[in-house]
Each structure stands twice: as C-alpha cells, then as structure tokens.
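Below are the chains, spelled out letter by letter.
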Amino acid sequence: MTRLEAVGLRAGYGDRPVLAGVDLVLAAGQTTALIGPNGAGKSTFLRCLAGLIAPSEGSVRLDGAELGSLGRRAIARRIAVVPQLFETLFPFTVEEVVRLGRVARLGALGRAHPRDHRAVATAMEELDLGALSGRRIDTLSGGERQRAVIAMALAQEADVLLLDEPTVHLDPAHQRATLAHIADLAARRRLVVLAVLHDLNLAGALCDRVVLLHGGRIMADGSPSEVLTDDLVRGAFGEGLTVGTSEGVPYVIPASLARFSQ
Amino acid sequence: MRFAFVLAVLAAALVASIAAGVLVGAVAIAPSDVLAALGGAGGPSATIVRDLRLPRVLAAVLVGGSLAVAGAMLQGLLRNPLADPYVTGTSAGASLGAVGAIAIGGAAAAPIVPFAAFGGALAAAAGVWRIARIGGHTTVLTVLLGGIVLTSFAGAVITLLLVANDRLALRVGTIVDLLVGGVRVIDRTELALAAGVVAAGVALALLLAPRIDAYAFGEETAATLGVDPARTTTAILAATALLAGAAVALAGLVGFVGLVVPHALRGIVGATHRRLVAASFLAGAAALALADLGARVALAPAELPVGAVTGLIGGPFFLALLVRSRVR
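Top to bottom, those sequences are chains Z and G. Count the first sequence with my numbering and you get residues -15 to 246, in order. Count the second sequence with my numbering and you get residues 110 to 437, in order.
Hints were generated in silico from the structure; no laboratory data involved. For clarity, every value in this text was computed on a predicted model and none was experimentally measured. Fair warning: there could be bad hints in the mix.
Label-pair restraints from in silico Cβ distances [said to hold, decoys possible]: (1) Z:M(-15) x G:A339: 29 to 35 Å; (2) Z:G5 x G:T343: 31 to 37 Å; (3) Z:T106 x G:A304: 43 to 49 Å; (4) Z:R99 x G:A129: 45 to 51 Å; (5) Z:G118 x G:G424: 31 to 37 Å; (6) Z:E71 x G:A339: 22 to 28 Å.
C-beta atoms are modelled at their ideal positions from N, C-alpha and C, and glycine is treated no differently.
Only chain G is shown next, with the shape it has when bound in the complex (with noise of 0.2 Å):
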C-alpha cells in the first residue's frame, strides 16, 4: 500500500517536472501559449515548444530515469550502494564510442552515434568486470579502480581524437556536450529511437530484479539461491550498458544522477530492486527534467550543462546521505 502510494508521489512528480519543464524556459511563453502549440497551433512559440522544449524535456526524462535505473542495477550487483555508471566507467566507454563514430563518420554519424554510444559502454563494462574478477572474486574496489582507469583513459582517448581529428574540430560543440553533459536538442525519430533502448533497458532491469536481490548475501549465495552468476551478471551489465549507451547519447556524461536517487530510495521503498528499479525511473526521471530546467534557466541566455546543475547539487546532496549515514 505504502509503495503505491510513494509510486503515485513520483509520477506526479514527474508529471509536474515535465509541465515545468515545458512551460518554463529562457523566452517567456504564456501558459495558453504553450497549451495552444501543444494542441497544434502555429507561429513562433510554438515551434519553441514543440521542437525545442519538449522533445529536451523528453529527452531529459529518459536520461534522468535510465541513469536511475542503471545505477539501482549496478549497486545491486556490487552490494554497494556506492555504484552507478558514471564511476564505473560504463558512460566513459558509452561517450568513447559516440566521439569515436563522430571521429570516424563525421556528420553522417549521426544515426549511429547511440550504438556506438552503447558499444562502448558495453566494452567499458566488459572491461571493468574482466579487471574486476582477476583473482576470482569481485570487489567494490577494483571495480571502482577499474572504472577510474577506464574514465582516465576514455578521457585521454577523447583527447587525443579531439586534437588531431579536424573533422571533430568543426563539432566541438557536441564534443564538449557529450563530456560535461548537455541535453541535445534532438529530432524525434532520435528521440523515438532513444525511448525504444530506454524502455527496453528498464523492462530488462524489472525482470532481472528478483535475481539481483539474490546478490544480497553475495556472488556465491546467489548461486545456491539457484542464480547462475555468470549468465545473471552478463545480463545486468547488458541492461546497464542500454541504458547507459542511452544516456549518453542524449545527453552525455551526467554525474550523481545514478548515485544519489537508487541510494536515497532506498530509505522509503526498501532493498527490494523490482520497487527500487521502478521507483528509481521515476525520480531520476523528474530530478533530470527538473535539474536541466535548471540549466536552461539558471544563466539565460546562456545555458549550463545539465551535466554541471546535477554535480552542483548532487554532490552536496550525496554528502549530506554520506554524514547522515555514518551519525546514525
């Protein structure tokens, strides 16, 4: 009973986020405005509203409920609450992927970018687990270690392409996007496309639910619980990389976002991924609509990366858990 009506809470808080997210902006629109274009008219604001906002805030709340979704999964997997697929390296290995098609196609790269956004955060992922499981057992450090390698170089890499691809010179813009985390203005097959991956993700994480809560007690007891460990774990790392692969093609690489909602919900819905991973969506989904509301705001004209509104106030906020949990 509880949970449904903490699930009610957060869909209306989605819903609000979107509706803000869709009246507000750096032009000021009058509300019967914005409901007009919505219903199809024409002029102007309307474009505004229609092809600016709203498929940013769409994109927006794919991103937020995706790297929610992923980070649930991940701290799931390690028992650690202080996973997501930031600090893994799975976004490094996703935004690698994206310069790298960039790189390599050029504007006509374009259609492909999520995939190769998604490729690469499966290497990453593949990656990071294989250092991780050197010596049999895998730990919350090396992981975490790998993924700070793996960030390390992903970035070096991206610098290197940076500087001697004169073709990525000309799109430094989006470069810069994909690594400081700016929601793209994006066209809506992308959008459709990018919702497909999302809801396929998050289907994926609701059906292995059960088996991740299997990993409480860890690796080998999931086993005897009748979870095979190698297939379970490819499995999330699969859906976490979608996801991952997702996000970062809309947005780029978004800090806290995946930390602090999984962990922060945990206090109200309980340990239990099938709530956590449906919870997570939604809240990570109003927190990204609301924190990118903030980044178009926030200096108008010009506009912050969504990427630096969520480290601003994330990180402030994960200390704040951080304190709270080592008083109580």
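The following block holds chain Z by itself, in its conformation from the complex (with noise of 0.2 Å):
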C-alpha cells in the first residue's frame, strides 16, 4: 500500500516562510481535497511533496523513502503531478502529449517499448481521448485540453496523483465530471490522490477527505462534513460564507448582502 507522508514539513521561499510545520499521511484509495484561503501555502505543500522543492525542515517521505534522496526519473515513476497551466505554442498532438508521461520510463536510447505504448493507449482509453488522439493540443476546448493532461499524468503509472487545482478552466458541469472520474480512478487503481482545490463544493461533494490549509498549518483534517462546518470555513477564509447541507452534503455559499449585514 502506497503510503505518502508529510514530517514536520516548513518550506518556504527565500527568507519568507510558507509552510510552518506540516504532518499529514496520505493514504490509497483516498481522495483527499486541499483547501485553503489564497496563500495558505497549498501549492507549496502540493510542489513539496512532488519534490519540487526541498522543505527546509522536516520531510516528505513515500514509502517510508525521503523524496529528497530519489531521482528526478525514481520520482516521475511514483508521483505523477497534473499542472495547472498547460499552455504550449508547439503543435503536439493529443496522443504526443499523453507520451510525455512515459519519458521517465523510456530506455537509453530514448526508444518506447510495447510496455509504454500499452500505458499511452490504456490512459486515453480511460479519459475517452480516443477521437481526439491526432488532434493539436493547441486546437482542444479546455475540458479537452484537462482531459489529455490528466492523460498524460495517468500514463506515468504513478501511484500518487497530486492535482493543482485540476477543474480551474472548466464549467460547472465539467468540474464535476472531471474531478468524478478522479476519485473514481483512486478508489479502483488504489492511487493516493491530492487534489488542490477553490471550489469547496467540488472539495464537499467529491473527496473522500477534506484538509484545510491556513497560515502554513493544517487547521481541520476529515470527513467533508467534519472539515466543512461554519466555524472553520469563518475561521479560515473570513467572515461572508454560509455552510448547508443537502442530502448530508455540505456545500458553502456567500452569504447574501441582506444577511451578511444583519
């Protein structure tokens, strides 16, 4: 079991700290949302336990293994990281794009072998890219675009799947369905799933967990019901928010001018 964890994590850029003392286990089979107001370190937490960049004190561990004593190439095979912007002038093809995943997994040479051409098949089979496989990257719609990305991240075989912000350039719709098929494809490949999240709907609806992100320090940790409740949610983002609940979903909406100003 794929087990990622987070010890006594403080990072931060420069002089200026971000992440003040993190400890959070990531578990298989999860969906675990990450919330937070802007700045609460979220996507530095998320870079961290990519190993993007080195904590300044404490430790990412996968597996029990610190991540700063893996590889860039050790690393890609384990953790798989879906960007926030995928923005490219270069004509790639959808197919050439999810290929990318494989570059961590290709020989000296650089040749693919049936294993990896299997991977890319089976990962645009599983986000329905078939139809769209020749299509410049460049000429998708955004939901299209998420989708080869997503992909190409599937394609690595990783067990870990972090997530930033994955719903951002979607509609409502799309959102659903795109952070849907996340968590189904954590609960049926056993993956450890992080996903940075704005849309605390998405976070209640979705995940299977909810952890929520304030000043560099985790401030609540659990179930969405636990972790989405009118005193964290005031607590974390301010003042203007108002938690409900619909068929034991919580959801969180601004509150209107009339009733915020009673």
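Put the complex together from the two separate chains, hints included.
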C-alpha cells in the first residue's frame, strides 16, 4: 500500500516561510481535497509533496523513503503531477502529449517499448481521448485539454496523483465530471490522490477527505462534513460565507448582502 | 509514413542542393568535367571543383544543418519559436572566442579556432542562462535580452581587438567573414574535424529529443515527468554550443537559418523533437548550400557573404511566417 507522508514539513521561498510545520499521511484509494484561502500554502505543499522544492525542515516520505534521496526519474515513476497551466506554442498532438508521461521510463536511447504504448493507449481510453488522438492540443477546448493532461499523468503509471486546481478552467458540469472521474480512478486503482481545490463544493461533494490549510498549518482534517462547518470555513476564509447541507453533503455559498449585514 | 516521406523529400533536396553547389559557380565548368574532377581527373577545373567548390559546399551543409538543429533545441528548451544560437548570443560568444584565438595566436592559432569558438559558445550560453535564471524562472524575455546584451558586448570587444591588435589587422578578411557570415574555403582536415563535431552535436540532440519534448509545458512539468531540469538544460546548452561553435568556426555569424528552419518545419513534421531535429538538419543543410551558391554567383566574380543572403531571404520569410501565424 502506497503511503505518502509529510513530517514536520517547513518550506518557503527565500526568507519567506510558507509552510510552518505540516504533518499529513495520505493513504491509497482515497481522494483528498486540499483547501484553504489564497496564500495558505496549498501550492507550496503540493510542490513539496512532488519533490519540486526541498523542505527547509522536516521531510516528505514515500513508503518510508525520503523524497530528497530519490532522483527525478525515480520520483516520476511513483508520483505524477497534473499541472495547473498547460499552454504550449508548439503543435503537439493529444497522443504526443500523453506519451510525455512515459519519458521517465524510456530506454537509454529514448526508444518506447510495447509496455509504453500500452500505457499510453490505456490512459487515452480511460479519458475517452481516442477520437482526439491526432488533434493538436492548441485546438482543443479547455475540458478536452484538461483530459489530455490528466491522461499524460495517468500514463506515468504512478501510484500517487497530485493535482493543482485541476478544474480551474472548466464549466461546472465538466468540473464535476473531471473530479468524479479522478475520485473513481483513485478508488479503482488504489491511488493516492491529492487535489488542490478552490471550489469548496467540489471538495465537499466528491472527495473522501478534506484538509484545510491556513497560515501554513493544517487547521482541520477529516471528512467533508467534519471540515466544512460554519466555524472552520469562516475561521479560515473569513466572514461572509454560509455552510449548508443538501442530502448530507455540505456546501458553501456566499452569504447574501442582506443576511451578511444583519 | 508521412514523416518518412517528408524526410525523403528533404534528403533529395539536400542532394540536389549539393549537386547544384558543385556544378554551378563563378567559373563555368561543364557538368561532364565536374564529374570527371570528382572521379579524380586533373587540371585547373578539377582543382576548382575538388579543392574550392566541394569543401565549401560541404562546409555550408554542416553550417546550415548545425544552426537549424541548434535552433530546434533552443526553441524547445525555451518553449518559444523566437530562439536560435544567433539571438541567444551563443553565436556571438563563439565568434568572440574565434577572434580572440586569432588575436592571441595569429596564424598559428588556426587549428584551435574551432575549439575557441566552441569555448566561447559554451561560455556565452552558460552566461545567458545564468542571467536568465536570476529570480528563479527562466523567461524567454530575459534570455533574449541577455542574448542582445552579450551580442553587443561581444561585438564591442571584437572591435576593440580589431583596432588594437596589429596581427589582426593583417587578417581583416577572416574577421570580416566571422562577423558577417562567409563560408571560408577550408582544407580537408578542418572539414573532417568540423564534421565530427557536428555529428556529435546532432547525435546528442537526437538523444536529448524526448526530454526536450517534456519541456512542452514548462520546466517544472518536465521535472515531474522525470527530467532533471538542471542536468538536461546543461546537456542541451552544451550540444547547442558544439553546433554553434562548429558553425561559427566554418562560416562566422549566419542568421535566420536557426530561427526559420525549425519554425517552418514544425507545421509539417509536428512538434516532437526527434522528428524536428532530423528534418531540421536536412532542411537547414540544403537551405544553406543553396544560400551559399547564391552568395557565390549573385554578384560574380564578387562574393556576397552568405550571412547577407540568409538575412535577405530569411528576414522577409520570417516576417511572412509571423504575419501568417497572427492572421490565423
């Protein structure tokens, strides 16, 4: 069972500390939402978990091994990241983008093996990209492009999937569909999945676990209904938000001007 | 299938360009005499074909291929079609290295000029990248600005060397060639050495190509895909410096080939770099062989520097590409 763990994690940029001691264990098969106000340290935490920035104190461990002791290639075989921005000026096709997921597994001369072709085909099938395989990535809609980049990460055949606001460019229906798909993948393939989400309702409706980051520390960690409460949400994001529930699922809406001024 | 076809067409174009370069020149020589000369016959025509035209055409092939491959790599690394050895200052560094070697060693320095050019290219690439990395992320803008700064600085130093050094004054022709881009007539050993360096650079480019692809969405995503950005960037810059150094040692500063060729080919062979590098070498080589032919015959018996020809053709061509991409 894959286990990704942050232990006493502190990190920052230059003199500016961002993470002030974070402890978290992520287990396989679960989709965890990482939420928090702007500047809480969500992206920094994600980058630490991906080994992109070294912690100033503490460590990130993958199945007990320090991430800092592994090379980029070794990390890429275990941890895949879906980036937030994926603009390119070059005419890569969808299939070529998905194939980028195999870079860490190519042989010495960069030749692809049958196993690589299978992984690419499976990832494309999983995200229903067959009809788009030869299309240029810059001609796709936001939702299609998002699917291509998720397929790229899946083709890595990693057991950890980290996503930085994977739904930010999508309309509400596509947001739900994308996240539901990812949660389903996590359960079926026993992946460790952590997604930075700005949309608290997506986190509440579709994630197994919600981690609330505030001021570089974990303020709350639990099921959606445990974390998305009036007190915690207002404590972290400020006044002006109201938490309700619909069929047992918490949701967060901006308080109307009239109610807020009361 | 389609890529194989494109490659075959480009290879045929290269062969045709080489043939044209050997057959045509300021002095009219009958094709049958050219063939006889290549077959080993003697006489003044044979000397022109074997010792002047052929080495020069082959040098132009190496220069064009090198610049186009280096351009393809730099564009991939920067994720921007506005890069090549010329605009990033790599070529300027190479020419400074070459001129410096001539300044210090005089005629005796000839054998080390290619190495000095490579050293200068490497130092320039490293310097520009160092400037571009200040503040964390490499941006296209800082690389291009660094390239501009370095190019004008290198130009100033070369002017200084030129004026101050009397040994150089005797070699003004060579220096002018280096500055404006002229394929020199070169001997076989020099040509063989350059061919070896170019072969190494192209092989390295082909080897690095899948990792250059991974830069498509930026350096950080390349890292999460399993590419070590520091090591890979260094390797790409070293390969670029090898190619730009060889090109400058053979022909001085030749602009636009590295910029236009990969940019134009991307629309035909796609964006993946293994294909782009292979196609760029053939197309760049053919283009420069033809440009050099133009340089030799346009104002014959006077010769234009080939850099002027690539500038005259490449400038408007690049502009047309730019306008077309804006219109679309």
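Comparing the hints with the structure gives:
no., hint, in the structure
1, Z:M(-15) x G:A339: 29 to 35 Å, "33 Å, holds"
2, Z:G5 x G:T343: 31 to 37 Å, "35 Å, holds"
3, Z:T106 x G:A304: 43 to 49 Å, "44 Å, holds"
4, Z:R99 x G:A129: 45 to 51 Å, "47 Å, holds"
5, Z:G118 x G:G424: 31 to 37 Å, "34 Å, holds"
6, Z:E71 x G:A339: 22 to 28 Å, "23 Å, holds"
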